[in-house]
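Novice: Chains A and B, in that order, give the protein sequences. The number in our numbering is simply the position in the first sequence, starting from 1, with 1483 added. The number in our numbering is simply the position in the second sequence, starting from 1, with 1483 added.
None of these hints come from the bench; they were simulated from the model. Hints are supplied without guarantee of correctness; some may be wrong.
Said to hold, decoys possible - If you want a taste of the chain A side facing chain B, the calculated C-beta under 7 angstroms gives, among others: (1) Pro1627; (2) Ser1696; (3) Ala1698.
We put the CB at the ideal spot given by N, CA and C, even for glycine.
Protein chains: 2
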Amino acid sequence: MTDSQPSAGETPSDSTVPKVVVSRLSLYLRELQRLQAAGQETISSSQLGTLLGFSDAQVRKDLGFVGQFGYPGVGYRCDELVLAMRDILGTNQPWPVAMVGVGNLGLALLGYRGFGRQNFSIVAAFDADPAKVGQTIQGLTIQPLDELATTVQEKHVRLGMIVVPGPQAQEVSDQLVAAGVEGIVNFAPVTLTLPPHVQVVGVDLAIELEQLSFAVTNKLVKTLPQE
Amino acid sequence: MTDSQPSAGETPSDSTVPKVVVSRLSLYLRELQRLQAAGQETISSSQLGTLLGFSDAQVRKDLGFVGQFGYPGVGYRCDELVLAMRDILGTNQPWPVAMVGVGNLGLALLGYRGFGRQNFSIVAAFDADPAKVGQTIQGLTIQPLDELATTVQEKHVRLGMIVVPGPQAQEVSDQLVAAGVEGIVNFAPVTLTLPPHVQVVGVDLAIELEQLSFAVTNKLVKTLPQE
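Same shape as in the complex, but just chain A (with noise of 0.2 angstroms):
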């Protein structure tokens, strides 16, 4: 984890981007494509700050890691905030993932739409389980683990989503690792070792629940927008 952020106008350096404020690029995203699709044209700092209840100066400074700056007297344009977004956040490419582990919530992940929308795209499937190896789901027919160097590589898979139980996590991720793969999203309930050039992001499924004990325990009016 890095320690320091760039000052104001500083132009960013990769290696100082800290980890929370690539979540709030997400959420900014967001906010910013629901915008544009209400037919805003441009936002200030403070507005865009009070609807994700940031203050003014660190949208500023969050803004400047993107490298965006805005116009005096105007604000921030959306269209190009979205654009410089989805290119700091690399979705302005297609990412092409393969998945290990078909159980019930790699079925459900193969049928999530939302991956497609931030050009997220499952193109292999894999299972170590003969009796699912070969079925057709969502169009992909599920592999075989042994095909997975190869398929990784023919397809220019660059993320891994591993789905596996817990015990079977680590081993998995070192195929995956292995076969080439930069960046891994696990949704087993374990620490994965990871060389250090290797990304990966854990999920924590239990973090939107508890935003909502948190909601109806101070019995918030609306404060929780769904995405």
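Given the structure of chain A, go ahead and fit chain B onto it with the hints provided.
Specialist: Frame of chain A; chain B shown alone:
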């Protein structure tokens, strides 16, 4: 959505907590739980900010929402902060949850252990499919939807988890609301219309992948630790 934040030191009013502060509380909580597990007893706002990529001032402002203030020369006590966070998030008490829709994702969520760790417990599961009703999964017998209202009351269910296909989500949420549920976590890819007293959180799994594509695109070195 609310627009204002309390200034530092001001006692927070529930209706002024912006939604993004809520998600930051979950991040603070997990970081503090990790620190506790590692034996750390106290932490300063700047240390916590550094770990999460927030400014010192942002941390102090956020902890102001929690009503926690540090000790001069000591900082914050991790155990006090964890208790206070869980108090605010509502997770110092158990949350009985009713799930509707036992498809692939529903089955996966029924087996997800991360919920229990944060005090969420799925105590009832419903499905419209007669072929599924009566099956026992993870110790729960799947019930027909016409038992929803009675069961929600009998089991003191406060939260509903919607895991049905998009076209069924509104009807199911109406039933949950009529049964007295106070909050809904919505995995269906639609926006629900709900009365203002019912809280809702939508789950967007693409955000995790977006964090990963960012990290890979920017060749970060381990800035994205797993949960």
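Novice: None of the hints should be skipped; say for each whether it holds.
Specialist: These are the hints, each one checked on the structure:
no. : hint    : verdict
1   : Pro1627 : 21 angstroms, violated
2   : Ser1696 : 4 angstroms, holds
3   : Ala1698 : 4 angstroms, holds
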